[in-house]
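Novice: The lines below spell out each chain.
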Amino acid sequence: MSLTREQIAQRAAQEIESGFYVNLGIGIPTLVANFIPKDKHVVLQSENGLLGIGPYPTEAEVDPELINAGKETITMTAGASVFSSAESFAMIRGGHINLSILGGMEVSVGGDLANWVVPGKMVKGPGGAMDLVHGAQRVVVIMEHCSKNGQPKIVDSCSLPLTGKGVVNRIITDMAVIDVAETGLVLKEIAHGYTVEDVQRVTGPKLSIDSQLKAVAVL
Amino acid sequence: MSLTREQIAQRAAQEIESGFYVNLGIGIPTLVANFIPKDKHVVLQSENGLLGIGPYPTEAEVDPELINAGKETITMTAGASVFSSAESFAMIRGGHINLSILGGMEVSVGGDLANWVVPGKMVKGPGGAMDLVHGAQRVVVIMEHCSKNGQPKIVDSCSLPLTGKGVVNRIITDMAVIDVAETGLVLKEIAHGYTVEDVQRVTGPKLSIDSQLKAVAVL
Amino acid sequence: MKVQSSIEEAIKDIQDGASIMVGGFGIVGIPEKLIDGLLRKGTKNLTIISNNCGIDDYALGTLLSTRQIRKMVASYVGENKEFERQFLSGELELEFVPQGTLAERIRAGGAGIPAFYTPAGVGTKLAEGKEVRTFNGKEYVLETALTADFAFVKAQAGDTAGNLVYNKTSCNFNPMMAAAGKMTVAEVEELLEVGKLDPNFIHTPGIYVQRVIACSGYEKRIERRTVRASGGN
Amino acid sequence: MKVQSSIEEAIKDIQDGASIMVGGFGIVGIPEKLIDGLLRKGTKNLTIISNNCGIDDYALGTLLSTRQIRKMVASYVGENKEFERQFLSGELELEFVPQGTLAERIRAGGAGIPAFYTPAGVGTKLAEGKEVRTFNGKEYVLETALTADFAFVKAQAGDTAGNLVYNKTSCNFNPMMAAAGKMTVAEVEELLEVGKLDPNFIHTPGIYVQRVIACSGYEKRIERRTVRASGGN
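These protein sequence lines are chains A, B, C and D, in that order.
For the first sequence, position 117 matches number 117 in my numbering, and the numbering has no gaps at all.
Every position in the second sequence, counted from 1, becomes a number in my numbering once 1000 is added.
Every position in the third sequence, counted from 1, becomes a number in my numbering once 2000 is added.
Every position in the fourth sequence, counted from 1, becomes a number in my numbering once 3000 is added.
Simulated from the structure, these hints should not be mistaken for laboratory data.
Treat the numbers as computed from the prediction; the structure is a model and nothing was measured.
Even glycine gets a Cβ: it sits at the ideal position worked out from N, Cα and C.
Cut-off 27 Å, straight-line C-alpha distance, at most; resulting in silico cross-link-like pairs (DSS-like, lysine-lysine): (1) D:3081 / B:1121; (2) C:2071 / C:2220; (3) B:1121 / D:3125; (4) B:1124 / D:3044; (5) B:1124 / D:3125; (6) D:3130 / C:2138; (7) A:165 / C:2130; (8) D:3196 / C:2196; (9) C:2081 / A:121; (10) B:1165 / C:2182; (11) A:124 / C:2081; (12) B:1214 / B:1040.
The calculated label-pair distances, taken between Cβ atoms and stated as ranges, are: (13) B:1206 / C:2125: 52 to 60 Å; (14) D:3016 / B:1150: 49 to 57 Å; (15) A:198 / D:3006: 50 to 58 Å.
Using the sequences and the hints given, assemble the complete structure.
Specialist: Right, dumping it as structure tokens:
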């Protein structure tokens, strides 16, 4: 059965190791924060200039000058720091962020990512995504496996304008976990209730099957 | 009569206008600070990361972590700020310093400056001079008119390794004030007791004489 | 001196066709009062360099309604319907820049670096026509510095020498813009005498700020008010 | 976690032949205790990137006496006789970099900018063999980023998350080096719990610092003690 948005976020949170500095994209990736176990020491970065994102504020704590990159009001953790956008992207571009978890519209067999131009809508701009995909040590894309009309979003070649070429390391969808390897795409995990054939049917490129193929472990 | 070191510094101080941000080089240029009239509002920058150099400290005020680029203990003025070397040279390179006053060993007719390699001595390095000569809006070099063995230091072409090409705007020596213009060197002021011929005799390139030629006004 | 007595005085010499950098991310850390001043002044044909373009009836969005902006350089312009209308009708010119590249191009402008290489955008539409070069086996695109005739920045506190201190995530693009503007105007909530700010903790040294003005009555609108219940998280 | 219990522990994995960035300008803001540790450890064939090379019997100068440094990247090495002797005898390799270019190359290293253009050095020996390119009618030289296996920095205060705060002109090269070192070790005079430093005024965010150690007994020698008489100026 397809994983819910929350389950995708829960699986994505398993990518995060203790000690990691992580940047979570806008949308479902933001939900990932809710699934990071309390015993892991993780610092979340927001590209508008904050290291150490805390939980959403209570009504009393709301500060109009404290937001994340999704423009949501937030709080800071103990040990947080704020800085300019130049410093923030120096941090990102310089490879200091261990992991970036981003949404996607298409990912190609070579790890190209398209996620900034929505077909039929006005182009809103790349924001910080083009910097993040090159800067983070590891890029994980989370998205639905298929588009609303059932077309594969994992493709031989992206049809939408690219955010970055050869930048994605892993894709987590509602059906599977797939790695982008030198040799092509490798199916690592399958959501409960699906077969390898089910996943291959809605995936553009041919998948290699990992010898350790597992079920996605989510609640 | 030749200007003393103090008189050269005094003349150089006349280059400074109220509101200026100024970087003074090591050696005689540092003396210039003593001759800035109190009614002029001037901020001195030190390339090791300080805007707002104050006077030398009293014994009681000495702080080992507060020095200028000449490594002398100093104080800060009210309104001072400290910052990193990257910020300091961003400030310099970005054209925010109105005036840089530097020492020189040779200046060419085209405004080339040589001041970082002393003949016969081990090369100590350029320090910040190569950045300053390109970054400051205006570069004034102060030096003796002749070398110790009487040779001109203002030359057709520098024999010593360059600090910068075409960077000097004005030269102030113990004999004269000379501008580097598109058309060549222009004699602007002469020290009391010297004639145009005296100055030309110890200057390599042919000098144009400014129509407003004046005596250097120092005490 | 640097202290201005009114917003009008602070922006008196801005002409039609000027380029202006405007601080802020979303609508946080924006120079509210200077934007309002520009609206009242009616200056037209502006090139605005800012990460975003405000929202429909607030911040830079207001200058869109009055058609004062001719060109926008930004990384993301999502929250503005009037923007979309003017862009689609061809009234408004738009240059998209990846956010980190935008920050670095402005930083380069203030720092006298004419150009630098960055990986962001390589292989995408935004790098089309630009030089791509390989360093240590990875491709990078050449990006050039950005400067502007004016920069509008907003700080929490400033002093009469132009030193500035920002509050939390209202810092964002303000420090680089202060340095990259040929004429930088800072609006501050608290204007202090020199000596009141700690020299160790100045975000923008006064050398970058040509004019400073104390303002009050900030709206500080919130774009996405997200809260949790008290006690939980 | 980041907090180290001894200097020995903090530098345990530094091997012969390592490259190390060392903060400081002159002998201000130098990581005294980490340099001492390196002296005791006896690690050899080091490439040191630092604005200066200490003085004869203090700071990096001590590592020269023991011949632990093979190559020095610096802007100015004036105050050290042993340096001169080793350089002239060919024992020591030396790369001079203009001070602003050194600062920017290190900043670029930490910021993922592989190369940038700067005017400093154009037409001089230090630009020989390097690409020169014209932007807006002015010539600039292409300079590449610097990184190092380790960075040693010194801060006034730090917290257990690695956030750092510097004191006055002891800041200098420390922040850029913290970001450009693959393994950055910070020695601090005061080590605090997280939450004690104001998030608005952190000079080096903790993400850049892998190890932090509290030290005491600083010598802080003064190179040129210049004073005025009390009351005058």
